[in-house]
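Asker: Given chain A's structure and the hints, the job is docking chain B onto it.
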Amino acid sequence: MQRIIRSTLLFILIGSVLLFPASGLMLAFLVVFVCSMFLKRSLRRIVEKLRPAIFLGAVALLVYTLTADLYTGLSVALKLILVFWLAQMIVEEVPLQRFIGGMAQWKAFNQLFRRLSLMLLVAAVSFPIINKEAKNIYDAHVSRGVDFRKGNVSEKVNSLFYFLNILFVKIFDRVDALTYAMESRIPSVA
Amino acid sequence: MIRTLNLDFAYAPDDGTVLWDINIEINKGEIVSILGPNGSGKTTLVRHFNALLLPSSGDVYVDGLDTRERRNHRKIREMVSLVFQNPLDQFIGLTVSDDLALPLRMRGESDKSIKSKVGEMLDMFNLKNIKDRYPHKISGGEQKLLTIAAALIVDPKVIVLDEPTVMLDKGRKKIVHEHLMRMNKEHGKTVVISTTDPYEASLADRIYVIKEGEIACSGKPKEVFKKKKFMEEIGVGVPV
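These protein sequence lines map, in sequence, to chains A and B.
Reminder that position 34 of the first sequence reads as 34 in this note's numbering, one-by-one numbering, no gaps.
If you want this note's numbering, it's the position in the second sequence, counting the first as 1, plus 190.
Just chain A, same shape as in the assembly (with noise of 0.2 Å):
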C-alpha cells in the first residue's frame, strides 16, 4: 500500500512539474524527492511535519484562486508546499549546518550554493516561527473571548478570516527581519 501512495505521489509531482514548469527548482524538488523514497521515510511523518505547510498552500491556492485564476493558485500553492518539502527532508537526513558547510566548501558554483543553501535555511527557520506565530495569536483571540468552535460558519470563517490576517502580516513582517538579518550577518552572500 505504501509503495502504491509512493509511487501515486511521485506521479502527481512529476506531473506538477511538467505542469508548471517555473524553474530549475523544482526538477531539484523532484531529484530530491525521488532520493527520499530511497529512504524509506514514513508517508504519515512527512505529512504530519508538512501539516502547516499544507495548511499554508491550500490558503495561498484560495486567495490566488479568487484574485488570479486557478493555474496561478495551484502553481503558487504547489511551489510553497514543496519549498517546506524539501526544506524538511534536508534537514532531516542531514544536520543544516553540516549541509550548508558543504555547500559552501563547493568553489565551483560558490555563490550559487551558497544562495540555495540560504533559501533552504530561511525554510527551515521559517516553520517553527510560524507555528509559534500561529499560536501567539490564537491564545491572544481565545484570551480575548474569540472561539474558533463557536458560531454558525459565517463567525467561524469571519474569526478565522482575522486570524489567518494578523498571521500573515506577522509572517511578512518575520521574512523582511529575517532578510535583513540575512544581508547584515553574512555578506557573502548578501
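No wet-lab data here; the hints were simulated from the structure.
Some clues are possibly wrong.
To be verified - In silico contact screen, one side only, chain A against chain B (beta carbon under 10 Å); selected entries: (1) Ala-134; (2) Val-153; (3) Ser-154; (4) Glu-155; (5) Lys-156; (6) Leu-167; (7) Ile-171; (8) Arg-174; (9) Leu-178; (10) Glu-183; (11) Pro-187.
Computed from a predicted model, the values in this text were never measured in an experiment.
The beta carbon of each residue, even a glycine, is placed where N, CA and C say it ideally should be.
Answerer: Relative to chain A, chain B alone:
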C-alpha cells in the same frame, strides 16, 4: 569610522521623510549613543551604518567607504555588525551554537576554527549550557546575549546595537553593559548604542539626541544631560 553627511531618508519617494539632515561622526574606539524617544528614527539611522538602508540624499561613509556603492557593501557589513532590536528577528540557526557558527561557515572557515570561536563565545557569554537549544526557546536575556555574541563572533570593527537592553531586567541589563564596556576597553571595538534609556546613553563617550528624525543636540553625557528641561520635553529625560 562612521560619518554621515546631510543624510535624509524616506522609505518611499511619496512617504514622509524619516531622517532630516543628519550629520554624525563616530570615531574609532569610541562608544556613542543615539538617544531618542520611540519612533524618532533611531533604528532607521543605525541601519544606515551597515548599508542595510541607503540614504535618499546625503552620504554615509564607513571607514571611508561610501555605502551607496554596492561593491562596498560586503566590506562594510564585515566591518560593522548590527544587533537588532528584537532578537527573534536575527536568529538564523537552528540551535544556539549553529546560530553562532553559520556566518563563519558561510565565509568558508575551517571546522576547527569555527569550533574554537564558537566555544570561546559560548564561554564568554555563559551560554554553554544552552548551546544545543533552539534560539527561539531560550529566555529573553539569553537571546539578547546570544545576539551580541553572534555579532562579535565575526570580529567586526564596529558593533551597532539597536536598543540592546529593552525588555531586560536590571541584572541582565548590567551584564550586557559590562560586556559592551569590555568589548570597547579590552578589544578596542567601536560601539554604537541606540537607546531610549538615558542611563544607558550616559555610559557612552558621546551622545547624539534624535527627535522626530533630526539631531536635536549632541555632546558628552554631562553636557547633554545638563539640559534637563529640554530632555524632559522630548520625552527621554535624564539619568536618575
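Asker: Take the hints in turn and mark each one as holding or not.
Answerer: To see whether the hints hold, each was checked on the structure:
Look at A/Ala-134: its Cβ only gets to about 13 Å from chain B, farther than 10 Å, so that hint breaks. For the restraint placing A/Val-153 at the interface with chain B, the shortest Cβ-Cβ distance is roughly 35 Å, beyond the 10 Å limit, so the hint is violated. Given hint, A/Ser-154 at the interface with chain B, is violated; its Cβ is 35 Å from that chain's nearest Cβ, farther than 10 Å. Annotation: A/Glu-155 was flagged as interfacial toward chain B, and the flag is violated, the nearest CB pair being 33 Å apart, outside 10 Å.
The criterion of a C-beta within 10 Å of any C-beta in chain B is not met by A/Lys-156, whose closest approach is roughly 30 Å, and the hint is violated. Taking 10 Å as the C-beta cut-off, the interface hint given for A/Leu-167 is violated, the closest approach to chain B being about 16 Å. Interface restraint check for A/Ile-171: the shortest CB-CB distance to chain B comes to about 13 Å, outside 10 Å, so the restraint is violated. This hint holds: A/Arg-174 has a C-beta 7 Å from the nearest C-beta of chain B, less than the 10 Å allowed.
With 10 Å as the threshold, the beta carbon of A/Leu-178 comes within range of chain B, its nearest partner Cβ sitting at about 7 Å, so the hint holds. A least Cβ separation of about 6 Å between A/Glu-183 and chain B falls short of the 10 Å threshold, and the interface hint therefore holds. Look at A/Pro-187: its Cβ gets to within about 3 Å of chain B, closer than 10 Å, so that hint holds up.
Checked against the numbered hints above, the structure violates hints 1, 2, 3, 4, 5, 6 and 7; every other hint is satisfied.
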